[in-house]
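*Asks:* Protein chains in written order, with full-length UniProt numbering: chain U, 1 to 301; chain R, 1 to 305.
Hint data in this document are derived by calculation from the structure and do not stem from the laboratory. Positions of the beta carbon are idealized from the N, C-alpha and C atoms, including for glycine. Heads up, none of these hints are tricks.
The calculated EDC-like cross-link candidates involving lysine to aspartate or glutamate, where the alpha carbons are at most 16 Å apart (straight line), are:
#, chain 1, residue 1, chain 2, residue 2
1, R, K93, R, E50
2, U, K188, R, D248
3, R, K38, R, E98
4, R, K261, R, E62
5, R, K192, U, D244
6, U, K49, U, E31
Covered by chain U, according to a simulated footprint, are these stretches of chain R (three or more residues, beta-carbon under 8 Å):
#, region
7, 157 to 166
8, 202 to 216
9, 220 to 230
10, 243 to 254
11, 268 to 275
The following label-pair restraints were derived from C-beta to C-beta distances:
#, chain 1, residue 1, chain 2, residue 2, range
12, U, R35, R, G125, 51 to 59 Å
13, R, R49, U, E265, 52 to 60 Å
14, U, Q243, R, K5, 56 to 64 Å
15, U, K219, R, K127, 22 to 30 Å
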Amino acid sequence: REKQLVEYFRAQMRKDPDMASAVAAIRTLLEFLKRDKGETILGLRESLKWATDCLTGEDSSVAVSSGGELFLRFISLTSLEHQDLSRCKKVMEERGELFLEKISMSRTKVAKLCHTFIKDGAKILTHSYSRVVLRVLEKAAAEKKRFSVYVTESQPDSAGRQMAEALRKLNVPVTVVLDAAVGYVLEKVDLVIVGAEGVVESGGIINKIGTYQMAVCSKAHNKPFYVVAESFKFVRLYPLNQQDVPDKFKYKADTLKTVQNLSEEHPMIDYTPPSLITLLFTDLGVLTPSAVSDELIKLYL
Amino acid sequence: MMEPKYQNLVEYFRAQMRKDPDMASAVAAIRTLLEFLKRDKGETILGLRESLKWATDCLTGEDSSVAVSSGGELFLRFISLTSLEHQDLSRCKKVMEERGELFLEKISMSRTKVAKLCHTFIKDGAKILTHSYSRVVLRVLEKAAAEKKRFSVYVTESQPDSAGRQMAEALRKLNVPVTVVLDAAVGYVLEKVDLVIVGAEGVVESGGIINKIGTYQMAVCSKAHNKPFYVVAESFKFVRLYPLNQQDVPDKFKYKADTLKTVQNLSEEHPMIDYTPPSLITLLFTDLGVLTPSAVSDELIKLYL
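One chain only, chain U, in its complex shape (with noise of 0.2 Å):
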């Protein structure tokens, strides 16, 4: 059953390269929800987090946990009304389609609501690849605004380079930077803007290794630094700093499962505070940092 399931959202990640990690396992969920047989509804519960843990060992980026708990407390908020089990699931899956078609749109809105932020002739710099900030820079691009991006390399798989080839397509001027340039490029830049993997409760943001010192030099340069982000990413962490981040989260899937010592790893990933980010954007609006911990205790009501 595990293989099915993991089949399953490796199929749907190569059918659309494009599509959130997090989207594609929300969509394997819906599959393994219609296709259950359980007797209970608390049963089913407990098989949608089994499923949850089984994508979270495929795929260890912190959105792919925290939409998963997303859908499920979705789904779950009305179907302890009805008596008959076969109906409680039909309307489970009904909120789960609504769910998938509502976080399907995210990302259109958060780049409704960021492009406008782009003035004409704006110098941006961001950091490695994300598929939410190339949909806000094709916005802009698509609105007539002349930019140019700074792109960092982003080692150690070199991501920043397909973000650059993707602006490329869009014919959008675009330099590649070292990632020990980002200090020295940003007197020459308007604005950042990255992408997020998590938003934690604090309002900070869990991004790419890289995303911290670009933060902190934003800061020294008094430069605004916006992030864009779609609500499933909004987890219930709160870490106080860098050592605080769960190492399932730090490291790739694979190595989690193959590696002794992990402090000899590279960690993919860390947690930029609140205090230097500017304004977050997202579908649901845009907001502080300290609006964040709000509209996540919302969500997760």
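Got chain U sorted already, so can you dock chain R onto it with the hints?
*Replies:* Relative to chain U, chain R alone:
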């Protein structure tokens, strides 16, 4: 007539670098200039100085680091301090050569002096962060290890040439526990370290430094985390520049010498160095003593008088 002289000069410089890879490139350059002085057949003091300036320019064309340029200029000034008192050219030249040897001897000792001053700041059990490959920092850490201090080191990988790995290798030979971190992981690792020590390719008039790209953001993050940011540099690296921002550093220092000669559009190239302003530096350890950034300009002026 210029060509064979140029060839000889550059060949001698390269031979010096090969002979002792542990020697600073500026020291090799000064040895080359001294040899050039000895072999020079000029007839006037002015001609001699012109030749030495030309030789320094040639060497800067070979190795574009800031220290070669500043080292050459300081050498010229030092040897010219007393040359005008004698009537006979050959005696002047002899005095200049003697002063040149003295200068060379002084600067060969400078790294040891710096290490002696700095190692006391490394406490037992300290965790140190450093950037890329610096022979001065290596000497400091050697001395601290020799004093039986236990410390561990985080080194940045330092793209694009991964010089940090070379540093890690050298430190492993000293049995110092060392971890190589990504350039992007500097902010991540800073909460774990106690102090940051970096070398410098050049020290500028404001008290700031020019060093491998990535130093500036390391300094900003150290300031944000309230960790001391120490710089170790020999005095021949003091250069007469006053950059106001990153763009202000002359292009001839930003890129490697061969890049400058071959590439058309420099904006496509990754810059090799950046400028760290004095406000982010805690202390500079030099062979002239332990200086605050504001004291640097005093010392620099005294050197260049």
